[in-house]
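Taken in sequence, the protein lines are chains A and B. Each residue of the first sequence is one higher than the one before, starting from 17 at the first, in the numbering used here. Each residue of the second sequence is one higher than the one before, starting from 55 at the first, in the numbering used here.
For the record, the hints were derived by calculation from the structure and aren't laboratory data. Be careful, since some hints might not be right.
Ranges between beta-carbon positions, derived for each pair [to be verified]: (1) T151(A) with K101(B): 23 to 33 Å; (2) G65(A) with P238(B): 52 to 62 Å; (3) L198(B) with H143(A): 15 to 25 Å; (4) K237(B) with E193(A): 53 to 63 Å; (5) P238(B) with T151(A): 26 to 36 Å; (6) P238(B) with E64(A): 20 to 30 Å; (7) A177(A) with P236(B): 39 to 49 Å; (8) D95(B) with P52(A): 18 to 28 Å; (9) P56(A) with P238(B): 29 to 39 Å; (10) D90(A) with P120(B): 26 to 36 Å.
Sample of chain B residues lacking proximity to chain A, with all beta carbon distances greater than 12 Å (derived) [to be verified]: (11) D193; (12) P197; (13) W239.
Not everything, but these chain A residues come out facing chain B in the computed CB check (under 8 Å) [what the hints assert, rightly or not]: (14) I51; (15) P52; (16) L85; (17) F98; (18) I107.
Note that CB positions come from ideal geometry on N, CA and C, so glycine has one too.
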Amino acid sequence: MGRAFRHTLLVLGGVLCAAQSPVFAQDDSEVTALIPMNRPAGGPVFQEGMNIAPMARATIFVRDIEESLKLYRDILGLKPMFDNYWKGSGINAIQGTQGVELRATVLMAGSSVGGNIGIYQLFNSPHEAPPPRQTPDTRPGDFAIVWPTNDIYRLTAEIEAAGYPIVSPPVSLIEREEYAVQPVEMMFRDRDGVLVNLVQAGVLKEDN
Amino acid sequence: MLKRLALAVLVLVGPLGATAQDVPDGHVVSSMTRATIFVRDLDESLKLYRDLLGLTTRVDTFVEGPRINEIMGTEDYGLKAVILQSGDSIVGNIGIYEITGDDRSVVAPPSARTDTVTGDFAVVFITNDIDGVTQKVIDAGYPLISPPMVLFPNPDADVQTREMMFRDHDGVLVNLIELGVPKPW
């Protein structure tokens with residue numbers, strides 16, 4: 017195709033990105049890696065009798081990917097596995113769209129093939145997104161993502177300071193006598209209305 | 055009543071509260087334990103995620119009382135909570151939750167669009183039987199976004215990676231991927 021170019025600078029979502037050379041498929045598909053791929057070791061595991069491996073990722077089709085990255089990458093500290101920009105018929109066929117382009121980044125804790133989060137933004141979509149739900153409660157139709165953390169109080173303070181709607185501060189679902197420090201969890205909404213539930217394990221008493 | 059509540063909470067707290075997942079060095083969160091869908095009809099959702107996709111039940115409980123309502127930011131509702139897993143994995147599970155007694159407002163109908171739009175959510179699973187699962191999905195009448203297709207042809211593959219996508223009964227996108235096989239050289 018002869019369209020390859022090196023060290024291209026792309027303006028995506030208002031952000032200047034140092035991109036690698038685009039790769040073209042046999043059709044008109046084109047994918048540009050905005051960062052080098054950080055491929056986790058290993059692959060999905062199918063345990064006996066299962067045709068489905070554990071969830072690889074939950075993906076949110078966000079309104080503003082840079083805004084979402086402020087939460088998931090910068091506050092929660094997840095690391096990118098990849099950050100790609102897609103064009104062409106392949107990505108539109110799987111999405112059931114036409115003429116849409118996609119920036120897709122997947123973030124992970126450490127290096128894992130499962131339990132990741134996809135932050136995807138559609139470009140050139142003819143559909144305007146409704147305003148995201150920002151109520152401090154939980155409703156049918158909500159979608160939540162649950163992560164264990166070891167730093168729930170600092171994260172809660174940072175999340176609150178950044179203005180995310182808090183559904184619940186850290187609370188213990190049940191007080192258990194065998195715990196010296198109770199397990200706690202908190203919940204808030206991200207900028208797209210997705211519920212984020214952080215769970216911190218408790219510490220058992222020494223005699224347990 | 056108290057006995058039932060206590061039992062429910064005990065069942066719930068193990069997997070939901072006191073997780074055994076370690077946080078990797080240099081991180082403050084671990085891999086996602088689960089994605090949870092607050093569904094309109096739990097039994098209808100189980101037909102897909104448990105019966106059709108074959109995920110197995112890790113937790114199936116009902117919980118009520120002030121603490122669960124505090125976490126949900128609600129008052130006086132109950133929660134039917136089912137957590138499904140592949141094998142015995144504690145990472146990448148899916149939660150199917152139904153709030154009971156919810157009289158706040160009429161629930162909006164789920165999206166049945168056959169395209170993808172901003173605001174959508176997707177759960178992504180790797181499968182080793184994409185054609186078999188797709189046929190079951192079609193037979194069950196879920197809105198298909200795309201049949202199994204090659205997203206990006208790989209000239210170095212003996213068998214291409216394929217994926218398909220459909221919506222569940224709550225409008226959540228379900229993306230199934232069957233990984234390809236590299237050429238044997």
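Hint by hint, here is what the structure shows:
no.	hint	in the structure
1	T151(A) with K101(B): 23 to 33 Å	holds, 29 Å
2	G65(A) with P238(B): 52 to 62 Å	violated, 28 Å
3	L198(B) with H143(A): 15 to 25 Å	holds, 19 Å
4	K237(B) with E193(A): 53 to 63 Å	holds, 60 Å
5	P238(B) with T151(A): 26 to 36 Å	violated, 55 Å
6	P238(B) with E64(A): 20 to 30 Å	holds, 26 Å
7	A177(A) with P236(B): 39 to 49 Å	holds, 47 Å
8	D95(B) with P52(A): 18 to 28 Å	violated, 44 Å
9	P56(A) with P238(B): 29 to 39 Å	violated, 24 Å
10	D90(A) with P120(B): 26 to 36 Å	holds, 34 Å
11	D193	holds, 16 Å
12	P197	violated, 9 Å
13	W239	holds, 20 Å
14	I51	violated, 18 Å
15	P52	violated, 18 Å
16	L85	violated, 15 Å
17	F98	violated, 13 Å
18	I107	holds, 7 Å
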